[in-house]
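Model the full structure from these sequences, guided by the hints.
Residue numbers (this note's numbering), protein chains in the order written: chain A, 1 to 98; chain B, 1001 to 1406.
These aren't lab readings, by the way, just hints derived from the structure by calculation.
Incorrect hints may appear among the rest.
[To be verified] Now the in silico label distances, taken between C-beta atoms and shown as ranges:
{"#": "1", "chain 1": "B", "residue 1": "S1020", "chain 2": "A", "residue 2": "T60", "range": "19 to 29 Å"}
{"#": "2", "chain 1": "B", "residue 1": "D1080", "chain 2": "A", "residue 2": "G55", "range": "15 to 25 Å"}
{"#": "3", "chain 1": "A", "residue 1": "D37", "chain 2": "B", "residue 2": "A1108", "range": "40 to 50 Å"}
{"#": "4", "chain 1": "B", "residue 1": "A1359", "chain 2": "A", "residue 2": "G17", "range": "44 to 54 Å"}
{"#": "5", "chain 1": "B", "residue 1": "P1024", "chain 2": "A", "residue 2": "T60", "range": "25 to 35 Å"}
{"#": "6", "chain 1": "A", "residue 1": "D42", "chain 2": "B", "residue 2": "P1024", "range": "32 to 42 Å"}
{"#": "7", "chain 1": "B", "residue 1": "S1020", "chain 2": "A", "residue 2": "R81", "range": "19 to 29 Å"}
{"#": "8", "chain 1": "B", "residue 1": "P1162", "chain 2": "A", "residue 2": "D37", "range": "44 to 54 Å"}
{"#": "9", "chain 1": "B", "residue 1": "V1305", "chain 2": "A", "residue 2": "D42", "range": "23 to 33 Å"}
[Claimed, not checked] Partner residues are not named here, just some residues of chain B that face chain A (Cβ under 7 Å, in silico):
{"#": "10", "residue": "F1014"}
{"#": "11", "residue": "T1040"}
{"#": "12", "residue": "E1072"}
{"#": "13", "residue": "L1073"}
{"#": "14", "residue": "R1076"}
{"#": "15", "residue": "A1077"}
{"#": "16", "residue": "Q1182"}
{"#": "17", "residue": "A1183"}
{"#": "18", "residue": "S1184"}
{"#": "19", "residue": "L1185"}
Every residue, glycine too, gets a C-beta built ideally from N, C-alpha and C.
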Amino acid sequence: MSHTTWNEAVLRAIVIGPLAEKLGVQPDAFDSAKNFDEYGLDSIDTVLVAEALAGSLGVTLAPEFLFEHRSVDAVVRELMRLRPEAIRSSHDGGLTAG
Amino acid sequence: MNDRPVISVAFDPFDETLISAPYPTYHRLRSEDPVHWNPTLRCWVLTRMEDVAAVLHDSNFVATNPAQSLTELAARANRDYGPLISVLKAILFFKEGSRHRQSRQTLAKVINRVPLRELRPAVESIASSLCAKFNGLAEYDAIAVFAAPFPQYVIAHILGLPALDVPILDGLLARLTLIFDQASLTLYDELNAKLVSVLHLFKSRISEAIAAGEQNGFSIFYDGAPGSHEQKLAEAATSAVFLYRVGAEATIGLIGMLFRLITERPALIEQFRECPELIPATVSEVLRLESNIQRVVRISRETCVIGGKVIRVGERVMLLLGAANRDPTSFREPDDLNSCRRSIADVAFGADRHFCLGAGLAQLEGRVALEQMLHLPPIEQAGPEIWYPGFSVRRLQRLPVRIKTS
Chain A
1 MSHTTWNEAV LRAIVIGPLA EKLGVQPDAF DSAKNFDEYG LDSIDTVLVA EALAGSLGVT
61 LAPEFLFEHR SVDAVVRELM RLRPEAIRSS HDGGLTAG
Chain B
1001 MNDRPVISVA FDPFDETLIS APYPTYHRLR SEDPVHWNPT LRCWVLTRME DVAAVLHDSN
1061 FVATNPAQSL TELAARANRD YGPLISVLKA ILFFKEGSRH RQSRQTLAKV INRVPLRELR
1121 PAVESIASSL CAKFNGLAEY DAIAVFAAPF PQYVIAHILG LPALDVPILD GLLARLTLIF
1181 DQASLTLYDE LNAKLVSVLH LFKSRISEAI AAGEQNGFSI FYDGAPGSHE QKLAEAATSA
1241 VFLYRVGAEA TIGLIGMLFR LITERPALIE QFRECPELIP ATVSEVLRLE SNIQRVVRIS
1301 RETCVIGGKV IRVGERVMLL LGAANRDPTS FREPDDLNSC RRSIADVAFG ADRHFCLGAG
1361 LAQLEGRVAL EQMLHLPPIE QAGPEIWYPG FSVRRLQRLP VRIKTS
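Structure, rendered in structure tokens:
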């Protein structure tokens, strides 16, 4: 695949994945509006989740990305705003078209 | 009682304009919210000289412990970050108490082994031989050919490190100080892997120096370290990495900014020729204006009040040194380079127990660099500069210049 498009529902699922796993929450029970701090995500786990998320998305995320955007809604909103070309896509795969 | 403002003045600590041009933001923050609670960093951000200096001088504000955080991260990520953690532990400004005092004494012995006035000829010789390599080139990157290697060759000279190791170490350590910012696992992996090679090299060089009975910076670090031969070797190597790269970093920044200054204001060269005593004052002014270390974080050990805000025990306070150094309350027309400015203490090198031990050396290198520039043909900037992508360390990473043709 040479072109990557961003679909909000797919993105949301990808973002929730590593968070749900780290926090031990069922993905379908994850509250997208809830601040990560309320889930007890500390700074070290934030770094680990960011790494996993960047891997899932196939992009490089700025190290501070998940510190600046502290809920799934905020992360998805920012990713939709940035679009892949702004996040330096690291490979051609990743998200499927919506 | 909650002193944190409900509506906070916007300050994005990761705004990329802070890397190249932080000062407009600093001025705004200082005037609107000088003791600012930042929800992203989850710490206080101070911009006034009065507050920054007070925290630097207050022993109730202690250094952070990034080695501890990285140890926890390594455990959770199932990584071996031993080399990187050992280097973080060797960084003097993260130490406190008796460990800090002992390490500071040893480092002072290394840096002061040769008094600055006796060191000057060697520093001049390093500078002129570097200049000889690029003088005559029509176009060059002032950072790559001079600002970056110069302080490293000087530290190599002080340590007793062979000059041939400098280009190798420059490549391996160029991004080391990004660990002072929020970093990714990918960056930690990269830096840790490079430090394996760096520490191996330093240990070899220290072993050689000890075996040959040489008296140099390496032998002082080795003699000052406790424990067995292996332990002494390991500690001397990490201390040497700290001095070599973290110590050189601010000077790389200073000299890069001096180069930029003479491309922007070539008339200064003539002034320096006519009035060489302007050189030291100009170096001090550039240090104040550009503050190569921009961010320092401290933790409050006691609840206290700064600027009417309650700082609770355990809370972190980020000091924006570059903002304090341009505080109009301390410096009239703070954004102007004024080599005749009356000497007022700035915080470019920190203060008090954490005042940079290399301050005198950095100033010497800045002066020698400017003196060398007097002998260069007039230069101008030949393309856009590139900034090092750090928020804590601010310096040019690339500055293309060319010889003026007209």
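* With chain A as the partner, please determine if B/F1014 meets the hint condition of a C-beta pair closer than 7 Å. => Status holds, d = 5 Å.
* To do: With 19 to 29 Å as the target window, see if B/S1020 and A/R81 comply at their CB atoms.
  => holds (23 Å)
* **Interface restraint verdict for B/R1076 against chain A (beta-carbon cut-off 7 Å)** => holds (6 Å)
* **Residue hint B/L1185, partner chain A, criterion CB-CB below 7 Å** => Holds, about 4 Å.
* Asked: Measuring from beta carbon to beta carbon, are B/S1020 and A/T60 in 19 to 29 Å?
  -> holds (21 Å)
* How does the Cβ-Cβ distance of B/P1024 and A/T60 compare with 25 to 35 Å: does it lie in that range? -> About 28 Å separates the Cβ atoms of B/P1024 and A/T60, which means 25 to 35 Å holds.
* Assessment of proposed distance window 44 to 54 Å (beta carbons of B/P1162, A/D37) -> Roughly 51 Å apart at Cβ, these two residues keep to the hinted range, so it holds.
* Holds or violated: 32 to 42 Å for the Cβ distance of A/D42 and B/P1024? -> holds (34 Å)
* Mind checking the hinted window 44 to 54 Å against the Cβ distance between B/A1359 and A/G17? => holds (49 Å)
* Classify the hint on B/A1077 as holds or violated, based on whether any CB of chain A lies nearer than 7 Å to its CB. => holds (6 Å)
* Asked: Against chain A, is B/Q1182 within 7 Å by beta-carbon distance?
  -> The hint holds - B/Q1182 has a Cβ within 7 Å of chain A, the shortest such distance being about 5 Å.
* Range hint 23 to 33 Å: satisfied by the CB atoms of B/V1305 and A/D42? -> holds (28 Å)
Violated hints for the displayed structure: none, as all numbered hints are satisfied.
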